[in-house]
Amino acid sequence: MVIRVENLIKKYDERTALDGLNFTVEDGDIYGFLGPNGAGKTTTIRILTGIIRADSGQVIIEGHDVFREIMEVKRLVNALPESNGYYEWMTAYEYIEFFSNLYEEKKSKQGILKLLDDVGLNGKEGHLIRSFSRGMKQRLGIARALINRPKLLFLDEPTNGLDPKGRRDIHDLLIDLNQKQGTTIFLSTHLLDDVERLCNRIAILNYGKIVRAGDLREMKGKGTIEDIFFLSTKEGAQ
Amino acid sequence: MKTIYIMQKEIRESVLTPKGFLWYILTSIILSVLSYLFLTNSELSLLDQGQMLYMIMNFVTALGILIGLIFGADAFAGEIERGTLESLLLSPVNKTEVAMGKLGAALINWGIIFAISLPYLFVVCKGGQNLLFGIVYLAILGTLLTITFSAFSMGLSARIKSMKNSLIISFFIFLLAGSPIFLSAALRGTWFGRILDLINPFADAINTFDSVVIDNQGFGYQTGRVAIICGYTLLSLWFLKRSVSRLEM
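Sequences listed follow chains V and Z, in order.
Just so you know, the first sequence maps onto residues 1 to 238 in the numbering used here.
Just so you know, the second sequence maps onto residues 1 to 249 in the numbering used here.
Looking at chain V on its own, in the form it has when it is part of the complex:
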């Protein structure tokens, strides 16, 4: 088991963002974390990656307690946040080099170039990030998230705002990562296309609670993914 979340609660003032969340993610999964806007997807990822604190509950990632051993967890996982900003004045190479320096095991020049090549940015290493399209920036963000060869990769709405080709490219990249490198992927999204194409297991979140979870193929036997999503979020609202 890569992730075990038990009774996770997070409140922002009076508003409950996560209301006793429980789920597990298995090794090798592409785990779709679905939910409408404001359901608590980003909050969950931020807690799981140690960016914010939970009010209560327990999160175990790769056997480490996130609330006590966050540095160990950060060495094993990585993430691409939803609103990922870039140091636009850097080149793609400098950007990866800077983040690589923050890990114990720094990447060599060859290692950085290979990483950029892996995400389809070969030949772009000397280009300033400010000249990149949104799709290229997402690729660079994924390259940054792969610096430490994470066993577990969190992606928060990675295809948001991309054109169909950009989305397809990111899908291919993630499938490749999962199948060839065995990276477990935790994919937060509200785009059902992404889920159908990529995920083997999903959880549907609504108002800070998991309203449905399980194997995607089994669920699809009971209807389309769209039907399942709308039915689940409607039930959750009631």
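By construction, these hints were calculated from the structure, which means they are not laboratory data.
What you are looking at is a predicted structure, and each value in this text was computed from that prediction instead of being measured.
Warning: the hint list may mix true and false statements.
[Stated by the list, open to error] Heads up, simulated DSSO-like pairs for lysine-lysine below, C-alpha to C-alpha not over 27 Å straight-line:
1) K19(Z) with K124(V)
2) K241(Z) with K2(Z)
3) K95(Z) with K161(Z)
4) K241(Z) with K11(V)
5) K107(V) with K2(Z)
6) K2(Z) with K106(V)
[Stated by the list, open to error] Covered stretches of chain V (in silico footprint by chain Z; criterion: 3 or more residues with CB under 8 Å from a CB of chain Z, positions within the stretch not fixed):
7) 47-53
8) 71-82
[What the hints assert, rightly or not] Each pair of labels, with its calculated beta carbon distance range:
9) I181(Z) with R15(V): 43 to 51 Å
10) L235(Z) with D65(V): 28 to 36 Å
11) L175(Z) with D55(V): 37 to 45 Å
12) C230(Z) with E14(V): 38 to 46 Å
13) D55(V) with T17(Z): 40 to 48 Å
14) R194(Z) with R15(V): 46 to 54 Å
15) L118(Z) with E105(V): 40 to 48 Å
16) S133(V) with I140(Z): 48 to 56 Å
17) I25(Z) with N122(V): 37 to 45 Å
18) Y24(Z) with R197(V): 51 to 59 Å
19) T17(Z) with K220(V): 49 to 57 Å
20) K106(V) with Y24(Z): 30 to 38 Å
Heads up, the beta-carbon is just placed ideally off N, CA and C, and yes, glycines get one too.
Starting from the known structure of chain V, arrange chain Z on it as the hints suggest.
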């Protein structure tokens, strides 16, 4: 070591860019104008060299504080608004290391401004009896004040998380800190001016400069004021550490 990499990144971003360079060009222009006036203006050239030294030291220190405050205001709020802080914190660095890297960059900036001011100090105050003492005090107190105001402003930036509001508060603090320069002698004599002087580490610094370069007083006379400035520095560092440890996106 991670602190060094973050500091390098900050220096590249804010110092080694055309915008960053503008600070130094402006500093040079203002110091050139001041020096020219000190040496050529019929009234100013009559000033004692100690007084010229004192005025340039005040200006350079105030500039160090201003830049420290601006660096500090941008430190966390700016990164949050640009969406870059989250990826930084996803790396195995803690928030204190990030803060120390940013503080280090603010200090490097102060060091460059101090270095730019040296030739002007030597030319304008050449032969002045307390020039070297003045430069030593400027280096020490300027560094302490840059740490104090940068750390305070960074702490605010981490708490407020809004670049605009952090900058407004920082400029307000700069006006209060600069009250010995901005307020007239009459206003400084009122209860308000006296309270500002009492709680203001910048006032302690310029009173120390006055005591060293104009009144020729030794270190024994300065210990109280220097101790107060050191106290403010420690307090600001504590405030920064506490603010960043509570920082949430």
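Outcome of the hint check:
Distance hint between K19(Z) and K124(V) is fulfilled; the C-alpha atoms sit about 26 Å from each other, no more than 27 Å. Distance restraint check for K241(Z) and K2(Z): the Cα-Cα separation of roughly 17 Å lies within the 27 Å cut-off, and the hinted pair is therefore satisfied. At most 27 Å may separate the alpha-carbon atoms for a hinted pair to count; K95(Z) and K161(Z) meet this at roughly 14 Å. A hinted pair counts as satisfied when its Cα atoms are at most 27 Å apart, and K241(Z) with K11(V) qualifies at roughly 24 Å.
Distance hint between K107(V) and K2(Z) is fulfilled; the C-alpha atoms sit about 15 Å from each other, no more than 27 Å. The straight-line distance between the Cα atoms of K2(Z) and K106(V) is roughly 11 Å, inside the 27 Å bound, and the hint therefore holds. Coverage of the stretch 47-53 of chain V by chain Z holds in this model, with 5 residues showing a Cβ closer than 8 Å to a Cβ of that chain against a need of three. Coverage of the stretch 71-82 of chain V by chain Z holds. Counting CB-CB distances below 8 Å, 6 residues qualify, and the rule asks for three or more.
Between I181(Z) and R15(V) the CB atoms are about 47 Å apart, so this pair conforms to the stated range of 43 to 51 Å. For L235(Z) and D65(V), the Cβ-Cβ distance of about 34 Å falls inside the hinted range of 28 to 36 Å, so the restraint holds. Between L175(Z) and D55(V), the C-beta spacing of about 40 Å keeps the proposed range 37 to 45 Å intact. In this structure, C230(Z) and E14(V) meet the distance hint of 38 to 46 Å, their C-beta atoms being roughly 43 Å apart.
Distance hint check: the CB atoms of D55(V) and T17(Z) are about 42 Å apart, consistent with the given range 40 to 48 Å. In this structure the supplied range 46 to 54 Å holds for R194(Z) paired with R15(V), their Cβ-Cβ distance being about 47 Å. Checked against the hint of 40 to 48 Å, the pair L118(Z) and E105(V) passes, with Cβ atoms roughly 42 Å apart. Range check, S133(V) to I140(Z): Cβ separation about 50 Å, and the 48 to 56 Å hint holds.
At roughly 39 Å, the beta-carbon separation of I25(Z) and N122(V) lies within the given 37 to 45 Å, and the hint holds. Distance hint check: the CB atoms of Y24(Z) and R197(V) are about 53 Å apart, consistent with the given range 51 to 59 Å. Distance hint check: the CB atoms of T17(Z) and K220(V) are about 53 Å apart, consistent with the given range 49 to 57 Å. Distance hint check: the CB atoms of K106(V) and Y24(Z) are about 32 Å apart, consistent with the given range 30 to 38 Å.
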